[in-house]
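Between the sequences and the hints, there should be enough to build the whole structure, so can you do that?
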Amino acid sequence: MPTIVPCEILSSIFLLGQTAQIAEQQMLSDDESCYSLPGTREETEIPLEIVVSHVNRYWRAVALGTRQLWSHVFIQAGGSLPAVEEYLERSGGCFVDVSITSNGPSDGASGDVTLKMLDSALNHIHRWRRCSVDSFQEDIDSPLISRLASTRAPALEYLSIGVEFSDRLRPGANTPESVSSTPQIFTGGCPKLAFLHLRGLAIYFFRPPIRNVTTLRINHTKAMPVQFLQFRAILLACCSLLNLCVVGDIIGTQPLPQANSVSVPSLRSLSISSLRGTNYSGILLAIYAPLLEQLVLKGAQEHDLDQFFSSPHSSKFTLLRSLAFCDSDFTTLKYRNLFASFPSVSEFTFISASISLSPPNFLKVISQSPIDLQVPWPCLRTLSIAIDFDEQEEELLREAVERRMLIGCGLTRLRLGTGEEALSYFSCFQWLQQHVAIEVLQSDSMICSCDSLCRV
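Here the sequence shown is numbered in my numbering, starting from 108 and rising by one per residue.
It should be emphasised that the hints constitute simulated quantities derived from the structure, not laboratory data.
Every residue, glycine too, gets a C-beta built ideally from N, C-alpha and C.
Check the hints yourself; a few may be wrong.
[Unchecked claim] Using C-beta positions, here's what the derived DEER-type ranges look like:
#1 A544 to T425: 22 to 32 Å
#2 E196 to L382: 44 to 54 Å
#3 T438 to C516: 39 to 49 Å
#4 T438 to D497: 14 to 24 Å
#5 D219 to G296: 57 to 67 Å
#6 D497 to G124: 51 to 61 Å
#7 G185 to N367: 46 to 56 Å
#8 T519 to A190: 52 to 62 Å
#9 K299 to M512: 47 to 57 Å
[To be verified] Straight-line C-alpha distance at most 16 Å; calculated EDC-like pairs for lysine to aspartate or glutamate:
#10 K471 to D436
#11 K441 to E400
#12 K299 to E264
#13 K423 to E400
#14 K471 to E500
#15 K223 to E192
#16 K471 to E506
#17 K223 to E193
#18 K471 to E509
#19 K471 to E498
#20 K441 to E409
Pasting the structure below:
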């Protein structure tokens with residue numbers, strides 16, 4: 108007689124499988140489009156909860172009795188209103204995670220169904236824990252996000268909202284006319300909101316109350332630049348901000364903003380990614396964050412920090428301990444400026460997704476003799492590197508570890524972004540193992556990824 112898996116264990120297996128399925132779909136969405144939100148399901152994908160509830164009577168009973176299994180509600184064109192209502196009913200009193208996707212007027216008749224699904228979900232808004240909204244166009248004829256305007260979401264902790272086009276922006280206008288931090292959605296209150304991701308026009312037109320937000324990601328994806336004054340107004344309204352990730356163009360042309368003009372006294376981590384060099388120096392100079400501990404620079408190039416380095420405020424982040432570069436590398440001179448501006452760095456991460464014919468300059472710098480008797484980052488203890496190592500880079504790495512040992516500033520942990528099997532082929536692997544703890548740097552733990560930095 109076959110052994111029956113206890114319902115508690117089977118329920119846990121179902122939930123783990125569902126989590127893995129949603130995570131995989133999220134990664135696919137992130138790769139395919141900057142406007143694909145976490146949890147958006149492809150039409151051809153069969154949700155795990157549907158699969159397991161149609162295996163046999165026992166599995167169905169366990170699945171229907173696992174309320175959390177039905178707590179992920181997807182509202183999108185082509186979706187089913189009865190299915191949404193069924194999920195809301197089966198999830199019982201559990202908190203729910205709601206994902207909303209709309210293409211605006213191009214959805215046609217299915218857009219009306221989308222709004223009906225949203226109205227049904229709004230009847231349970233007191234149970235909303237996470238909400239992701241992706242609206243391609245928010246017009247008078249498709250007021251999807253406007254339905255959230257005066258609502259109250261007492262349990263909402265996570266909100267990601269992106270809008271690409273809106274009739275609220277006047278034709279021919281380059282920027283919105285007003286600067287404000289006044290809430291425009293969930294104006295009834297969302298006191299538990301801790302994570303907020305604003306993308307595209309959501310930065311201007313679809314902001315919730317942000318006083319209690321601790322993690323903020325601003326993702327500028329429009330050709331229309333984000334006004335610095337609007338950026339400043341948003342940050343000053345975030346009284347509890349701990350983590351900030353800025354993607355895109357915030358700082359325009361000269362002159363740069365006044366130094367320390369944006370006070371974020373509780374900020375602990377900052378990530379900057381931009382195609383415009385002035386954003387790096389501009390944001391670093393403008394922000395006053397005396398408690399900043401972690402800085403991530405993604406895509407910064409040789410001269411992008413020149414104005415910051417030459418400023419009398421270049422050494423203001425005295426508590427900075429963790430620094431990460433993603434697809435960035437400097438010359439020796441610029442690294443010397445970096446060592447002077449952030450002298451207390453104890454953890455450095457260097458990740459390059461591109462294939463280079465020459466070793467990163469950072470490896471060359473730390474493997475050389477101290478310059479002018481100054482040891483680069485004497486407090487450095489953890490070094491994380493994710494590159495496609497060759498023999499020359501392996502030798503530079505060994506020289507860096509050995510030289511720091513000789514001058515009394517040895518590394519204690521070395522995290523390498525390569526597979527364990529490939530790591531064993533390092534010519535100096537055994538020697539490294541004898542002198543420093545070695546770990547494999549997994550791709551999902553690379554702190555210079557803006558997504559992972561802003562994940563709560």
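**Report entry** Hints violated by the structure (listed by number, smallest first)
**Finding:** 3, 5, 6, 11
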